[in-house]
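Undergrad: Make the full structure from the sequences, and use the hints.
In this text, residue positions in the sequence shown follow my numbering: the first is 10, and each later residue adds one.
Treat the hints with care, since some could be wrong.
[Unchecked claim] Simulated restraints, written as ranges between beta carbons of each label pair:
hint	residue 1	residue 2	range
1	739	585	26 to 34 Å
2	405	336	32 to 40 Å
3	390	151	49 to 57 Å
4	336	32	50 to 58 Å
[To be verified] Lysine-lysine pairs mimicking DSS-like chemistry, simulated, CA-CA at most 25 Å apart:
hint	residue 1	residue 2
5	134	222
6	134	24
7	131	235
8	358	222
If you are wondering where the hints come from, they were derived from the structure by calculation, not from laboratory data.
Computed from a prediction, not measured in an experiment: that's the story for all the values here.
The beta carbon of each residue, even a glycine, is placed where N, CA and C say it ideally should be.
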Amino acid sequence: MGGHSGKNSQIIGYKYYMSMLMGICQGPIDALTNITVGDQDAWDGSMTDESSIYINKGNLFGGQKGEGGVVGTLRSLFGSASQTVPSNIKNTIGSDAGVSDMRGIASVWFDGQVCAMNPYPKQWKFRVNRRMSGWDGPVWQPSLCEIDLTSTVSVESVDNGGTSTYKTVTGTIRAMNPAHILYQLLTDTVFGRGYPRTWIDDVGFLAAATQLKAEQFGLCTSWDTKNQELADFIQQIVNTIGASLHIDRTSGLITLMLIRGDYDPDMLPVFDRSSGLLDISEDQTGASGAEVNEQIVSYYDPIGNQTRQVRAQNLASMESLGYKNSTSTEYQAIPTAELAGRVAARDLKTQGTNLRRYTIKLDRRAWKVSPGSVFKIHVPERGIDNLILRAGDIRDSSLTDGTIQVAATIDVFGLPSQAYTNAVTSTWSPPPSGPVAATNYMAQEASYRALILAFGSSEIQSVDRQAGTIEVFAAKPVSTGLSFSMDVSTDGQTWSDDDDVAPFTDFGVTAAAMTRWTTQVVIEQLTGEDSIAVGQAVQIDDEIMRIDAWDESTGDLTVARGCVDTIPQPHDAGARAIFVDTGSLVEETEYGQGENVTARIITNMLNGSLDTDLAPTVTVGCWGRQGRPWPPANVQVNDEAFDGNPVISGDLTLTWAGRNRLTTQDVLISFGEQSQAVEANCQFRLVITSGGNTIDSIDIPGDTFEWTWTVAGQTAAFASDPIGSNEQRSVTFTLSSFFYDPSTKVFIDSYQSYVFDVLLTAPPPLQVTAEVLSTPTVFGGAIVSSKSIQAITVEGLSAPARFGAATVTVKPEGVEGTTLVLSMAWQPATITKHIYD
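TA: As structure tokens, this is what we get:
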């Protein structure tokens with residue numbers, strides 16, 4: 010700092026020079042766009058990288074007649090991870106080696122005149138923007154991050170002569186999407202919560218970000234970390250945009266929901282006495298004299314660098330009340346008058362309406378209601394007909410209670426569709442006073458997939474391959490049901506408690522019959538609560554299927570057939586469908602083959618658990634299902650999948666695919682998908698029967714997926730009872746897998762086998778080619794005319810000897826050197842054919 014004086018001049022004051030390092034905020038930043046000193050513009054532009062500028066504002070504060078101005082070189086340091094502070098700056102501060110590169114801090118270095126006449130430098134302010142820089146990882150949804158706003162304001166300007174004027178300025182404000190601000194505050198590991206991105210509901214945040222971009226709802230703000238807690242800053246952003254930031258009750262992820270009127274009232278969930286509404290404990294209306302009819306919103310104008318106000322007024326209310334009742338709200342992150350006006354109108358709508366507030370008690374069917382969501386209540390006995398409410402605070406009770414308490418307010422966006430009617434007599438009956446037993450339930454031996462889902466793959470490695478256990482499913486009997494548990498016994502007398510509980514299982518029935526290959530069916534009489542999802546398993550009768558599509562509103566179900574250790578089977582209309590992944594209990598005890606296990610199903614209600622003496626029981630035999638090899642899949646006859654009994658004439662080729670429980674684990678691979686290598690020591694077994702008699706039993710290696718039954722093989726198989734020329738012989742094929750360990754002599758076959766029938770017919774007439782030679786010969790012990798057959802070839806047979814004794818008479822005699830083609834009936838013993846003409 011110092012002054013200068015001419016030799017013969019009078020000293021009237023001094024110019025003051027400084028080298029200053031000024032920190033701005035946490036870096037890195039995108040751009041430096043404005044500098045004010047003493048609330049006067051010293052520089053305006055757009056500096057998007059680290060560089061130097063020269064500021065020449067010597068009269069910014071009145072020059073030599075006032076307090077001087079600012080003149081000098083300014084170097085920007087954006088605070089990037091690779092930032093290097095120039096050596097001249099480091100040496101000015103201390104030494105090159107002893108000064109850090111100040112990475113992570115946005116700052117500026119100024120060297121020059123800072124003031125004159127007055128030795129007290131004025132305050133410097135910097136307008137920066139940071140939207141795409143400084144993310145902890147890649148920018149989330151970069152195309153939605155930036156929201157540029159246009160604003161026209163009146164600002165004061167001071168020229169180099171110190172003259173102050175006011176002018177209208179239109180500028181672009183580089184605002185940021187509020188959803189991105191919240192996303193970064195939640196995930197940044199330096200200044201934010203540091204949550205993993207996998208904890209964020211990407212779908213919910215993306216929907217909010219897209220809508221905010223469309224609304225041009227961009228914010229500009231800074232966060233003073235010393236004077237404002239992170240939670241308070243997050244809530245400030247949430248309040249500004251009119252939203253709810255909460256943990257989604259469906260996914261467990263942090264989601265962002267905008268509070269808007271963009272819903273269809275007819276599509277909202279309705280709660281009444283029969284669908285989950287337990288009680289309404291409050292119903293209060295504010296006094297009309299307290300009605301707000303003017304909303305004042307304060308916002309910060311970054312172009313004019315000052316706080317401004319807008320007002321929204323309800324003129325009809327002012328005239329009705331005869332006075333103005335104002336309320337003020339500060340939204341310092343809002344940067345334009347237009348946006349502030351919209352928010353003021355929004356707040357006036359909520360502040361200026363006498364809204365009834367309710368405390369609603371619902372049962373577990375309201376588990377999807379989240380803060381900020383909208384629903385309807387229908388309570389005719391109180392004159393409430395489909396009243397639209399907006400959920401606020403939600404409180405869950407204990408697991409044994411199950412009540413969900415919702416603080417709700419009439420939604421201002423839904424007011425036009427609300428109706429209050431005269432009270433009517435309620436036909437609602439209260440739920441049972443005590444626990445109710447399950448009436449829809451099922452138990453079965455647990456599959457390998459069920460054990461994987463219940464205990465994990467590592468936990469079941471030590472399970473005996475020949476051991477088994479049981480799996481139980483139960484549907485909710487009444488609306489107050491919470492979960493179910495089970496006790497087990499092997500003798501019906503001594504029961505062991507299983508402390509585990511499971512959510513109730515979704516049950517239904519098929520509306521129509523299903524063939525072996527049907528993939529679409531409608532499910533009726535569904536007992537569930539919206540917990541069915543694509544990718545889960547559904548079991549219809551004894552067949553496990555994968556859910557590929559599900560429409561909750563219509564019950565339309567699309568499935569992939571024959572998953573896990575089951576094969577496609579026909580199912581009648583009304584077949585029971587169990588959505589096994591929505592809720593089940595697997596007993597952890599291992600049971601030996603042939604051991605019967607009885608399960609006692611205990612329902613847990615809001616009002617307690619069912620007495621064990623009233624609990625229904627079901628008994629299952631264990632046969633080591635979990636350790637059995639999975640059956641062959643994608644079985645085809647002559648390269649065609651079939652339904653019913655195919656008619657085969659000629660060779661029959663059977664193909665199939667392998668399945669492996671150890672490599673598949675809990676993945677649902679359907680019957681028709683590609684083949685897998687089978688487990689070690691696993692083979693296939695094909696058993697052929699007809700008329701109650703076993704024709705053949707063939708063991709096929711585990712790496713072979715094809716078998717052919719030739720006409721010759723069919724002929725030999727039915728040698729004692731040939732198939733007639735007009736007959737269709739029914740033949741049953743049973744194809745299964747089996748495991749055999751030669752060292753332990755353990756033999757285990759698959760849980761299910763693929764059983765199908767075919768109809769065999771006599772092959773078409775065989776074509777015999779005979780060459781006529783000059784020398785008579787004996788064929789099969791018979792003289793064949795004067796011209797004899799020396800060689801005979803039959804299509805489909807390897808040698809004439811398969812016919813045994815054969816007599817072929819050629820009349821008239823053939824001509825030497827010619828070839829005759831004889832069409833011969835399919836007779837295993839004797840072939841006689843006369844050719845005339």
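Undergrad: Hints broken by the structure, by number, lowest first?
TA: Violated: hints 4 and 5.
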